[in-house]
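Student: The chain contents come next:
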Amino acid sequence: MWHELTSDQQLLRDTTARYLADHVPLDRQRKNRDSAAGFEPAYWTGGAELGWIMPLVSEDMGGGSVSGRGIVDLSLIAYEFGRHSAPGPLVDCNVVASALSDVGGEAHADALEAIMTSSAIASVCLGFAPWQQSGEATVTITRDGEELVIQGAVKPVESAGQATYFLVSGRSDSGTTQVLVPASTSGVSIKNLKAIDVSRKFGAVTFDAVRVPASALVGAFGQAEAQMTEQVRNACVMLCAESVGAMESAFAMTTDWAFERFTFGRALASYQALKHRFADMKSWLEASHAVCDSAADALADGTSRAAETVSSAKAYIGEHGVELAQDCVQIHGGIGVTYEHDLHFFLRRVTLNRLLYGTPGDHRRWLAQMQIDKEMAA
Amino acid sequence: MSTGMEPVEEFRLRAREWIKANLGPLQPWDRTQHCKDDEEELVAVARDRALQRKIFDGGFAGICMPKEYGGLGLSPEHNRAFNEELAGHEYPSRFAVPTFNPCASTILEFCTAEQKAAHLPAILKGDEVWVQLLSEPGGGSDVAGITTAAVREGDHWILNGSKVWTSRAWWADWGIILARTNWDVPKHQGMTVFLVPLRAEGVEIQRIVRLNGESEACQEFFTDVRIPDSDRVGDVDGGWTIGTRWMFHERMGHNSPYVTYPSGLSQSAGHEDSPVAIARKSGKIDDPSARELIGEHRELGVVTRALQGRIADAATKANKDMSAIDRLFRGVASVRRSTIAFELAGSNASVWDEEEEAATDAVGMNFLMRQISCIGGGTTEISRNVVAERILGMPREASGDKGVPFREVPKGPKRA
Numbered sequence: 001m002w003h004e005l006t007s008d009q010q011l012l013r014d015t016t017a018r019y020l021a022d023h024v025p026l027d028r029q030r031k032n033r034d035s036a037a038g039f040e041p042a043y044w045t046g047g048a049e050l051g052w053i054m055p056l057v058s059e060d061m062g063g064g065s066v067s068g069r070g071i072v073d074l075s076l077i078a079y080e081f082g083r084h085s086a087p088g089p090l091v092d093c094n095v096v097a098s099a100l101s102d103v104g105g106e107a108h109a110d111a112l113e114a115i116m117t118s119s120a121i122a123s124v125c126l127g128f129a130p131w132q133q134s135g136e137a138t139v140t141i142t143r144d145g146e147e148l149v150i151q152g153a154v155k156p157v158e159s160a161g162q163a164t165y166f167l168v169s170g171r172s173d174s175g176t177t178q179v180l181v182p183a184s185t186s187g188v189s190i191k192n193l194k195a196i197d198v199s200r201k202f203g204a205v206t207f208d209a210v211r212v213p214a215s216a217l218v219g220a221f222g223q224a225e226a227q228m229t230e231q232v233r234n235a236c237v238m239l240c241a242e243s244v245g246a247m248e249s250a251f252a253m254t255t256d257w258a259f260e261r262f263t264f265g266r267a268l269a270s271y272q273a274l275k276h277r278f279a280d281m282k283s284w285l286e287a288s289h290a291v292c293d294s295a296a297d298a299l300a301d302g303t304s305r306a307a308e309t310v311s312s313a314k315a316y317i318g319e320h321g322v323e324l325a326q327d328c329v330q331i332h333g334g335i336g337v338t339y340e341h342d343l344h345f346f347l348r349r350v351t352l353n354r355l356l357y358g359t360p361g362d363h364r365r366w367l368a369q370m371q372i373d374k375e376m377a378a
Numbered sequence: 001m002s003t004g005m006e007p008v009e010e011f012r013l014r015a016r017e018w019i020k021a022n023l024g025p026l027q028p029w030d031r032t033q034h035c036k037d038d039e040e041e042l043v044a045v046a047r048d049r050a051l052q053r054k055i056f057d058g059g060f061a062g063i064c065m066p067k068e069y070g071g072l073g074l075s076p077e078h079n080r081a082f083n084e085e086l087a088g089h090e091y092p093s094r095f096a097v098p099t100f101n102p103c104a105s106t107i108l109e110f111c112t113a114e115q116k117a118a119h120l121p122a123i124l125k126g127d128e129v130w131v132q133l134l135s136e137p138g139g140g141s142d143v144a145g146i147t148t149a150a151v152r153e154g155d156h157w158i159l160n161g162s163k164v165w166t167s168r169a170w171w172a173d174w175g176i177i178l179a180r181t182n183w184d185v186p187k188h189q190g191m192t193v194f195l196v197p198l199r200a201e202g203v204e205i206q207r208i209v210r211l212n213g214e215s216e217a218c219q220e221f222f223t224d225v226r227i228p229d230s231d232r233v234g235d236v237d238g239g240w241t242i243g244t245r246w247m248f249h250e251r252m253g254h255n256s257p258y259v260t261y262p263s264g265l266s267q268s269a270g271h272e273d274s275p276v277a278i279a280r281k282s283g284k285i286d287d288p289s290a291r292e293l294i295g296e297h298r299e300l301g302v303v304t305r306a307l308q309g310r311i312a313d314a315a316t317k318a319n320k321d322m323s324a325i326d327r328l329f330r331g332v333a334s335v336r337r338s339t340i341a342f343e344l345a346g347s348n349a350s351v352w353d354e355e356e357e358a359a360t361d362a363v364g365m366n367f368l369m370r371q372i373s374c375i376g377g378g379t380t381e382i383s384r385n386v387v388a389e390r391i392l393g394m395p396r397e398a399s400g401d402k403g404v405p406f407r408e409v410p411k412g413p414k415r416a
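Residue numbers (this note's numbering), protein chains in the order written: chain A, 1 to 378; chain B, 1 to 416.
Do not rely on the hints blindly, as some may be mistaken.
Result set (PhoX-like, lysine-lysine): computed pairs, CA atoms no more than 20 Å apart in a straight line [unchecked claim]:
no. : chain 1 : residue 1 : chain 2 : residue 2
1   : A       : Lys194    : A       : Lys31
2   : A       : Lys374    : B       : Lys281
3   : B       : Lys116    : B       : Lys67
4   : A       : Lys191    : A       : Lys155
5   : B       : Lys54     : B       : Lys67
6   : B       : Lys284    : A       : Lys374
Don't read these hints as lab results, they were simulated from the structure.
Put together the whole structure using the sequences plus the hints.
Tutor: Right under this line is the structure:
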């Protein structure tokens with residue numbers, strides 16, 4: 001994370017950290033393994049009151065950020081989520097809130113209000129992603145008179161079982177379309193799935209000829225590609241910040257272990273073979289901090305480097321977050337794979353985040369396309 | 001911060017105007033210091049000297065150097081602003097590293113007023129190009145294990161020994177050298193720093209030919225070279241204090257506030273093909289796995305740059321050893337990028353057409369030279385020790401020379 005924060009940002013970060021430590025300590029999450037939502041409704045409401053779902057929402061719509069750079073503030077919150085392996089659909093609720101705020105108007109004002117105050121959870125169904133070719137879309141959205149028809153399925157969808165709304169992206173003949181679909185709509189079916197994280201829950205959502213009125217559109221029909229891409233980039237920055245927080249916790253825990261654990265009469269920290277691995281991990285961790293901050297800054301400022309910086313961050317942290325956590329497991333030895341130890345919470349978190357909103361492979365192919373386009377233009 | 005310093009933005013505007021009026025576009029010579037032959041290199045050197053003089057006469061040399069030694073006495077922010085304005089323009093690249101840093105930065109920190117007056121203005125005017133004489137044939141990473149010796153004789157010192165891996169010493173003017181002056185104390189306590197003219201009697205300079213045929217690095221042999229005591233830097237046997245700061249400056253490389261160079265210019269960027277161009281030539285451009293490699297190549301460039309910014313910030317503010325993280329990361333990332341280029345080229349990497357490409361730009365040759373990024377300027381193994389020991393506070397490695405008079409330290413193989 002940034003070396004220098006404003007006092008308001010510092011306060012936001014500290015308040016979030018204290019709240020998470022008090023309300024979702026790992027011992028409590030360990031017991032919540034089989035709860036449906038992974039958290040209590042009051043926890044999410046308390047978080048909303050701290051401003052977790054406001055930073056990307058415009059002030060006209062009741063939102064706002066402490067620094068005026070929403071994604072930067074949000075990545076401070078996400079970083080603390082990662083450090084505490086906290087539950088809750090932080091990423092998706094913020095993505096949907098920002099999408100509804102950006103289109104503005106009355107059509108989705110009630111839904112936005114409900115999401116921001118935590119009375120509704122909203123999930124993202126990315127049935128067509130910006131790195132995909134049109135043939136790879138899993139959801140299509142077509143027009144039928146005054147109605148839209150949604151067909152297809154999306155997996156994994158975060159908090160699918162708890163969601164009141166789905167922001168669905170799908171392919172239309174003329175391009176990408178986004179609609180806000182109430183979970184109760186006829187033809188929407190939700191199947192809860194087991195997921196690799198302890199406290200973040202996922203499901204599969206199927207749309208079987210789901211019909212919604214044109215007022216469900218978020219943005220113009222067939223012209224939502226730019227806004228969807230922006231949403232994905234915001235999500236990527238949040239996931240990166242979260243993973244950096246999780247890496248920080250896993251690394252700190254493992255460094256302590258290296259000093260405490262003695263073998264053959266020496267601390268683990270005295271073996272050069274292990275010292276060098278710690279040095280490599282430290283370099284990955286610092287690099288992850290650096291590129292995550294750069295990505296948030298670039299996105300907040302809307303610079304021309306934002307696209308490649310965000311995808312670079314998502315690919316780099318996706319790969320090295322997992323490698324770091326697995327190396328921490330290796331250095332812990334057998335205890336590192338037990339449910340009683342805390343390490344697995346962070347391993348799960350970085351592994352999950354590697355897979356959401358584009359894998360390293362997806363983002364690298366996207367980066368390659370950017371490079372090819374750039375060299376064609378030159 | 002002293003009062004009355006010109007505001008950075010005013011300085012920037014003044015610099016912008018001057019640069020536009022006086023400096024041409026970036027030359028191939030500036031991007032990489034590789035020249036096609038020695039003749040071209042000497043032309044480039046002369047151009048760099050003239051260009052440095054032009055910057056001095058224009059009033060923009062030595063932005064962070066004190067005024068009494070010909071500099072401007074301004075802040076690192078001023079230097080950064082100048083570097084940003086310099087982007088895309090020609091610049092005296094052969095002065096950047098090692099002349100400005102670590103040589104001039106070390107001279108500024110440790111030399112006497114007389115020594116500084118003798119050399120810093122000459123450097124800023126483009127009259128003196130410096131090299132650092134540190135590594136020796138007998139030991140790479142163990143810098144304090146040097147055996148090049150200086151023995152006092154009246155008001156002179158007599159220097160004997162050899163230094164190696166000195167970039168472009170064959171046309172440079174002066175060197176800053178670390179020499180052993182006391183063999184009866186532990187290694188760190190018996191070294192002294194001197195300033196030595198490279199054209200002095202008894203100095204012989206040989207070129208080192210690397211496996212790709214390029215020969216910028218040199219080895220120097222010193223035979224009874226007489227150095228006046230007035231060219232000694234700091235205390236007799238106090239050289240390690242200077243040496244550690246010298247190496248800190250060295251690790252800062254182009255990020256040092258004493259270095260003038262255009263922002264955003266990658267130091268490794270040669271004429272070699274981009275990964276996209278390589279994949280086109282090998283017919284792999286539409287292969288999804290090749291696309292992933294191209295993306296990873298770009299990703300590593302973006303991350304390297306981001307990390308450099310973070311460390312430059314941290315290095316000046318919190319922990320100077322953080323620069324070892326930058327060094328480790330750059331080394332490993334550069335090796336990976338070289339491997340990616342090699343993978344993308346396929347069998348094309350085995351050959352090149354010398355009418356189209358220099359050996360130093362050929363993908364296959366760059367792959368053979370790949371480890372240099374983890375060796376030059378201190379190996380990544382040493383960086384890993386620095387990170388583990390000085391940043392993470394882990395126990396130091398056992399050594400065979402701690403507290404032992406240097407004369408008695410084992411220096412050769414002993415096998416039973």
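Student: Look at each hint and say if it fits the structure.
Tutor: Tested hints:
no. : hint                   : in the structure
1   : A:Lys194 with A:Lys31  : 16 Å, holds
2   : A:Lys374 with B:Lys281 : 17 Å, holds
3   : B:Lys116 with B:Lys67  : 12 Å, holds
4   : A:Lys191 with A:Lys155 : 10 Å, holds
5   : B:Lys54 with B:Lys67   : 18 Å, holds
6   : B:Lys284 with A:Lys374 : 18 Å, holds
The structure is consistent with each of the numbered hints, conforming to all of them.
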